[in-house]
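Start from the sequences and build out the full structure, keeping to the hints where you can.
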Amino acid sequence: MSKLGEFEPQRPDSFDVSWCPGCGNFPLRDALALAFKKLELKPTDIAIVSGIGQAAKIVHYINTHGFHTLHGRAIPIATALKAANPDLVVIAEGGDGDMYSEGGNHFLHGIRRNSNITVIIHNNQIYGLTKGQGSPTTIIGQHTTTQPFGVFEEPLNAVALAITLNASFVARGYVGNVGHTTKILVQAITHKGFSIVELFQPCVSFNKVNTYQWYSEHTYIMQNHNPKDKNQALQKALENDPLPLGIFYINEKIPFEENLICYKQDKAPLFKRTVQTDKIKRFIQDDF
Amino acid sequence: MDYTIVLTAAAGQGVETIETLLSKAFKNSNFFVFSDKEYMSRVRGGVNSTTIRISSKENKGYKQFANFLFLFTKQALEHSKDRISKDTVIFGEEDFVTNQYSSQFFAIDFLKTAKSLGSAVYANTVAFGFISALFGINTDIAHNAIKNHFANTDVAQKNIDACNEGYKLFKDSPYIKIKPKVEQITPKKYALLSGSQAIAFGALSANAKFLSFYPMSPSTDVAIFLAHQMDKFDIVVEQFEDEIASVNAAIGAWFGGTRAFVTTSGGGYALMEEGVSLAAMSETPLVVHLAQRPAPATGLPTRTSQSDLNLVLYSSHGDFPRAIFSPRNLEDAFFVTQKAFDIADKYQCVSYILTDQFFMSMIYNVDTSRLEFIEPQNYIIQTPTDYKRYEFTTTGVSKRGIPGFGSGIVVANGNEHDEYGDITEDEELTKLMLEKRMQKLNGIKSEALEPIYIGPETLKNLVVCYGSLYENTKEALGLLDRNDTGLLSYSQLYPLNDKGLDYLTKAQNLIFVEQNFSGQFAQLIWREYGIKTNRLINKYTGRQFFVEELKELLQNALEVK
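Protein chains in written order, with the working numbering: chain A, 1 to 288; chain B, 1 to 561.
If you are wondering where the hints come from, they were derived from the structure by calculation, not from laboratory data.
For each residue, glycine too, the CB sits at the ideal point set by N, CA and C.
Some hints here could point you the wrong way.
Pair by pair, the computed Cβ-Cβ distance ranges are [to be verified]:
| id | chain 1 | residue 1 | chain 2 | residue 2 | range |
| --- | --- | --- | --- | --- | --- |
| 1 | A | Lys3 | B | Arg527 | 52 to 60 Å |
| 2 | B | Gly318 | A | Phe152 | 30 to 38 Å |
| 3 | B | Thr395 | A | Lys228 | 37 to 45 Å |
| 4 | B | Gln239 | A | Thr211 | 52 to 60 Å |
| 5 | A | Pro242 | B | Asn378 | 51 to 59 Å |
| 6 | A | Phe152 | B | Thr395 | 50 to 58 Å |
| 7 | B | Pro215 | A | His180 | 41 to 49 Å |
| 8 | A | Gln265 | B | Ala156 | 28 to 36 Å |
| 9 | B | Lys188 | A | Gln265 | 33 to 41 Å |
| 10 | A | Asp278 | B | Tyr314 | 37 to 45 Å |
| 11 | A | Asn259 | B | Lys188 | 50 to 58 Å |
| 12 | B | Gln555 | A | Asn259 | 38 to 46 Å |
Written as structure tokens, this is what we have:
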């Protein structure tokens, strides 16, 4: 807990953390708080919008603004929040089921829309809160509570998918390495555009396959990779075993908010702008 | 002066252009113009009709019988037969009518004239010129309408030529003997607005700065119109990937302190329901504009209906407070939209604006002096440290802080929560939080808009309607001229303002007029007050009641002892 510093919430119901001991969400939270500190952000500078699941509960266990929303819907909410107030650092968080299954359509179109937000996917390759059903990233053949004879659906490769969609920033990390995860998060938050960070995060209760040990043995940090090279990025993203970690792809482009006409001249967030009654009156009288 | 023109044509024949040009020219010639249309869900072919009523007073009713019926295809006669009375003058190509109508028919070939000008596309502008001549519209006014409509000067000039040919066609022919009695309205600062524009301007005037939507007839015109204003006003209009994203985006914008809304129809709203429940639980304000069309499923995409009252009234899981508005006419829509935003913001609840296709397509001169502006109130506080988003209060309304404004931390939650917004399953808190949210309904009800009553002080019969049926019902009742019958018109459907109860209880004979099968508003009155309706006059064909049709139905209903 001490790693969180001012990002440790002091609210009465925020102490009773419902993550299991040893849950991968703990080091993920540490990495996130470290990234905030490195970026010299204050708790009030940041808003985390989360979906539903064990991952999404993070807004109660970290001291920033938070909105614990619905399963799959963090991205559109975070997008509009950023558009309403571009001064905020906006982060959308959820698990693999949240972001890739229920929220799959928003994930695709979020990439297209390219809002300047960071999307963190806590990928434990299983459903944790609902206790052990297969997720879109569960490995073929794995036995789960609802796939007792083994998963046969192809797991989703979100990193490759995002690269093919020309996503602005695509990275993957493993929370077993907090230092590396922190570095990725710092770059993702700094990056202007839709930054996707998929983080492997072991579920110690319901995923007996993808354990800390499994991730240590089946992942490696990419060296000498050029994230500006799309073909190389895609090639890396298609590697299955071991799974590469690091920043796969960076594609600098204009974020959603900067494309909005209302921000071309005036940078004041929308919530600070008042009604344009006189202009409306004139417009109705002169043009209609 | 009170004339109704009906133009019946296939989709793609450009009747919308005639409607736009005529409305503008009539308005600028100091007539009162009302127009509406019924159309098929297809891009080409089929048969559609546009009704334009021009009067020397503010007539906003939708008339059935045409004084002048223009047929633009052979199928048009069959389509518009019910618009013909013995006094209707019919225009069309030689073989467009059957012998039955020959005595009231004038042959005219706009297409032939257009082709002589080089292209069939000018046929509708020739027709525009012809109709303008019929009503003695000054050619300068007609030409200006064209210049305003066509940005390209060459195109505009060719259309002016076509319009002039239309004038000639009228003057050099036997039609010249048709002489409408022309009488102007007292000039006022009129603006020609549509239903969708009235909603859009209401939203802008309420300081709405974010509209998220997914296209769905008949609600999309609001988004189209506002998207075109993004370079003039501070507003973000974004087409999202689906209705689910749209409603959640609107919630996200409100969470960020920006007034936002969605525009959709029944099917789209069905997808939004989960988001609405998030707004309710997290006490994030939300405004939903829902333009109704016949349903279920795809139903009739471009037709009209009032069958989604139950949808919005009962939608989403769980108990939560809401406000439902349904504007009577354009002036009312402008006001009610602002009111919907104010209620949503003040009580941190969901507000609905329920319109329909007939309302969306309606266009008339709005007396701008009657557009009521509500100064948008600021309900956002600068948060103190140790801010509690869901602090218990006597009204149930907690002070709303937003991220990035103040020194407090704002935590909103779709899970049941404590005062700080953190998840709780505490039994006592669960009870108190639900009671807190429902407590807000009392405040919402205390501000509910009064229904309008028109009629005698002592009454025997009471006719009740809501939303866009107001003008037609009012006019139909006016024609019956009864001293024992009143009209009660609601623009807020939930919660109800109990002032209406006086009339509902006074009447011996209660008649509801609705555009749905089951009488959804009558059911709501029964649910709220235990008062049962004696008679339901309803239409569920996807077409709006005409004034004459309603007059007859009301007459029958009122004569029943």
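*Lying within 38 to 46 Å: is that true of the beta-carbon distance B/Gln555 to A/Asn259?*
violated, 58 Å
*Do the beta carbons of B/Gly318 and A/Phe152 sit within 30 to 38 Å of each other?*
holds, 37 Å
*Quick one: are A/Lys3 and B/Arg527 within 52 to 60 Å, going by C-beta?*
Holds, at about 56 Å.
*Can the suggested window of 37 to 45 Å be confirmed for the beta-carbon pair A/Asp278 and B/Tyr314?*
holds, 41 Å
*Given the hint of 28 to 36 Å, check if A/Gln265 and B/Ala156 actually sit that far apart at their C-beta atoms.*
Given about 32 Å between the Cβ atoms, the range holds.
*Holds or violated: 52 to 60 Å for the Cβ distance of B/Gln239 and A/Thr211?*
violated, 44 Å
*Given the range 50 to 58 Å, decide if the beta-carbon distance of A/Asn259 to B/Lys188 lies inside it.*
Taking Cβ atoms as reference, A/Asn259 and B/Lys188 lie about 41 Å apart, which means the hint is violated.
*Return holds or violated for the Cβ distance of A/Pro242 and B/Asn378 against the range 51 to 59 Å.*
holds, 55 Å
*For B/Pro215 and A/His180, compare the CB-CB distance with the range 41 to 49 Å and indicate the outcome.*
holds, 44 Å
*Falls inside 33 to 41 Å, the C-beta gap from B/Lys188 to A/Gln265?*
About 36 Å separates the Cβ atoms of B/Lys188 and A/Gln265, which means 33 to 41 Å holds.
*Can the suggested window of 50 to 58 Å be confirmed for the beta-carbon pair A/Phe152 and B/Thr395?*
holds, 55 Å
_Range hint compliance [Cβ, B/Thr395 to A/Lys228, 37 to 45 Å]_ = violated, 56 Å
Of the hints listed earlier, those the structure fails to meet are numbers 3, 4, 11, 12, in rising order.
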